[in-house]
Amino acid sequence: MIQHETQGDLSVITLDRAQKRNAMLPEMLEGLLAAIEASGDARAVVLVGAGKTFCAGFDLKACAADPSGETMRALLSGLSSCVRAMRVCPAPVVLGVHGAAVAGGCALLGGADVVVAARDAKLGYPVVKIGVSPAVSSPFMLASMTPGVVRSRLVDTELVDGARAFELGMVHALVDTADEVHAHAMELGRSIAQKPGVGCLTTKRWLNEICEVTDSTSQQGLDASLSLTGGEEERARLAALWG
Amino acid sequence: MMMTDAVLLETEGLIATLTINRPDARNAMSVEILEGMHEAVDSLRDSEASVLVITGAGRAFSAGMDLKAVLIELSGDATMGERLLRSLAELTLKIRALDQVTIASVNGAAIGGGCGLTCVCDVTISHADAKLGFPEVDLGLCPAVIAPWVVKKLGGGVARAAMLRGGVMDGREAHAIGLVDWLAEDREGLVSLTRSVAERLASGGPKALSTTKSLLNELDGSLDSALVLKGAALSARVLATPEAQAQLGSFVKR
Numbered sequence: 001m002i003q004h005e006t007q008g009d010l011s012v013i014t015l016d017r018a019q020k021r022n023a024m025l026p027e028m029l030e031g032l033l034a035a036i037e038a039s040g041d042a043r044a045v046v047l048v049g050a051g052k053t054f055c056a057g058f059d060l061k062a063c064a065a066d067p068s069g070e071t072m073r074a075l076l077s078g079l080s081s082c083v084r085a086m087r088v089c090p091a092p093v094v095l096g097v098h099g100a101a102v103a104g105g106c107a108l109l110g111g112a113d114v115v116v117a118a119r120d121a122k123l124g125y126p127v128v129k130i131g132v133s134p135a136v137s138s139p140f141m142l143a144s145m146t147p148g149v150v151r152s153r154l155v156d157t158e159l160v161d162g163a164r165a166f167e168l169g170m171v172h173a174l175v176d177t178a179d180e181v182h183a184h185a186m187e188l189g190r191s192i193a194q195k196p197g198v199g200c201l202t203t204k205r206w207l208n209e210i211c212e213v214t215d216s217t218s219q220q221g222l223d224a225s226l227s228l229t230g231g232e233e234e235r236a237r238l239a240a241l242w243g
Numbered sequence: 244m245m246m247t248d249a250v251l252l253e254t255e256g257l258i259a260t261l262t263i264n265r266p267d268a269r270n271a272m273s274v275e276i277l278e279g280m281h282e283a284v285d286s287l288r289d290s291e292a293s294v295l296v297i298t299g300a301g302r303a304f305s306a307g308m309d310l311k312a313v314l315i316e317l318s319g320d321a322t323m324g325e326r327l328l329r330s331l332a333e334l335t336l337k338i339r340a341l342d343q344v345t346i347a348s349v350n351g352a353a354i355g356g357g358c359g360l361t362c363v364c365d366v367t368i369s370h371a372d373a374k375l376g377f378p379e380v381d382l383g384l385c386p387a388v389i390a391p392w393v394v395k396k397l398g399g400g401v402a403r404a405a406m407l408r409g410g411v412m413d414g415r416e417a418h419a420i421g422l423v424d425w426l427a428e429d430r431e432g433l434v435s436l437t438r439s440v441a442e443r444l445a446s447g448g449p450k451a452l453s454t455t456k457s458l459l460n461e462l463d464g465s466l467d468s469a470l471v472l473k474g475a476a477l478s479a480r481v482l483a484t485p486e487a488q489a490q491l492g493s494f495v496k497r
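Those sequence lines, one after another, are chains A and B. Quick note on numbering: the first sequence equals residues 1 to 243 in this note's numbering. Quick note on numbering: the second sequence equals residues 244 to 497 in this note's numbering.
Heads up, some of the hints might be wrong.
[What the hints assert, rightly or not] Where chain B lies over chain A, by a calculated footprint (3+ residues, C-beta under 8 Å):
#1 31-42
#2 46-53
#3 163-175
[As the list claims (entries may be wrong)] One-sided excerpt, in silico: chain A residues whose CB lies under 7 Å from chain B:
#4 P92
#5 A143
#6 N208
#7 I210
#8 T214
[Claimed, not checked] Selected chain B positions facing chain A (in silico; Cβ < 7 Å):
#9 V380
#10 L384
#11 G398
#12 G400
#13 L436
Because the hints were derived from the structure by calculation, they are not lab data. Bear in mind that the values here come from a model prediction, so they are computed numbers and not experimental data. All C-beta atoms in this analysis are idealised placements derived from N, C-alpha and C, irrespective of residue type, glycine included.
Hey, can you work out the whole structure from these sequences and the hints?
Here is the structure:
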């Protein structure tokens, strides 16, 4: 479900569950975490999705099939760990969005340093609809986006396109079509990997210090999301979706 | 009023204009320029002006740090980088704390520290063909000294992407990401746009302007001088590494 390839100083990670629009399963997030943690010596990391879309978020069918909430809990914790790992990864992380980055998929943007997207890509956090709180994403979003934008994105189930996401500061480089996303993300990744190491790595570390997301803030976000898991609202809404 | 001729300060009514005046060196920040800017900014504390415009003479706004001065092989002075960076850090803190509302009128290249200087200002005006950006990482350097201002101007995520990607962008792109607030079509248009924005800002009550600015400074942590000085020390540490010196050496000789 995760492909990880090292090309010289570049670490390339691909979400690869294409037949399910790269929907996240707990073991997939474990694989993603392992790949990010194994990229410690890389000079840049590129994260993209295989198939037609970057990532559709959590596999809700798997969540609905587990009324105990265990699957949802594992996904929320795994997502939080992955985003945190991307941020503390010494090398800058370039993330490419083609098709869609929805819910948990969009949350991955919070850990990225540079986000490339297609103009027509769809991005957003429509999770309150299914009784899930996107609180887990909020500490990382607040560290990178305008607070007003974070607020309106997290409570609204509407998706925005890539062009609008660029205006909102969620995306930092736009390409015209989905087909160009991988190539552009790779080009940016290679360009960053070729820069002299000390300056670039020190810059990322300093930015992490200036825009700090502490362990306790990140835990607070995760706990808020976990507090609803297995509850009646979430269970009923998930069951209605797959019932 | 004129300071050293490396930095000019003129006041007309409520609008003061500081011009960085070393066009042959693309207004790169040398000891002389930084001292002149400190002196000019200090003198504004007793000024009646309510708006300060900062701009550059000639084709560049400021090409950033004087790279020849911080190349140890050329200057023979291993402490110069640290001194210049500290001076730049102190200058940015002073400009931020001014009562005057500040406008960066970016007439041409605003690179590295020069681009950082625009982020300290309250309003940035430029034109479509100007070049702005943070190519420090391309040269093995670290823009830590100006990063706090860039983050305050652009927000953490956009600032992160701009500083880690390196390179430069044109005025239009800088406008799209929020680095530039008002954009003129070309250099000629910039002069009249700067005048009209400066006059509009100067039409505000001076106390209303300075009170607003001072509260914003307090709310967004602009008065945290320790952070900016720590950034300067970090930039200086990276600058002194053999890797950065080697990169700079080949860049300066190019």
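Now for the hints, and whether the structure bears them out:
Given a C-beta distance limit of less than 8 Å, the hint that chain B covers the region 31-42 of chain A is violated, as 0 residues qualify and 3 are needed. For the region 46-53 of chain A, the proposed coverage by chain B is not satisfied: 0 residues have a C-beta within less than 8 Å of a C-beta in that chain, short of the threshold of three. For the region 163-175 of chain A, the assignment as covered by chain B holds, since 6 residues bring a beta-carbon within under 8 Å of that chain's beta-carbons and 3 suffice. Nearest Cβ of chain B to the Cβ of P92 of chain A: about 5 Å, under the 7 Å cut. The hint holds.
The interface hint given for A143 of chain A is met, as the beta carbon of that residue sits about 5 Å from the closest beta carbon of chain B, less than 7 Å. A hinted interface residue such as N208 of chain A counts as satisfied when its beta carbon comes closer than 7 Å to some beta carbon of chain B; here the least separation is about 9 Å, so the hint is violated. The beta carbon of I210 of chain A is positioned within 7 Å of a beta carbon in chain B (closest approach about 6 Å), and the interface hint is therefore held. Of the supplied interface hints, the one on T214 of chain A is violated, with its beta-carbon coming no nearer than about 14 Å to a beta-carbon of chain B, more than 7 Å.
Interface hint status for V380 of chain B: upheld, as the beta-carbon distance to the closest one in chain A is roughly 5 Å, under 7 Å. Taken as an interface hint, L384 of chain B checks out: its beta carbon lies about 5 Å from the nearest beta carbon of chain A, inside 7 Å. Satisfaction of the interface hint for G398 of chain B is found here, the shortest Cβ-Cβ separation to chain A being roughly 5 Å, below the 7 Å cut-off. The interface hint given for G400 of chain B is met, as the beta carbon of that residue sits about 3 Å from the closest beta carbon of chain A, less than 7 Å.
Interface restraint check: L436 of chain B against chain A, minimum CB-CB distance 22 Å, threshold 7 Å, status violated.
Violation of the numbered hints given earlier is confined to hints 1, 2, 6, 8, 13; the remaining hints are satisfied by the structure.
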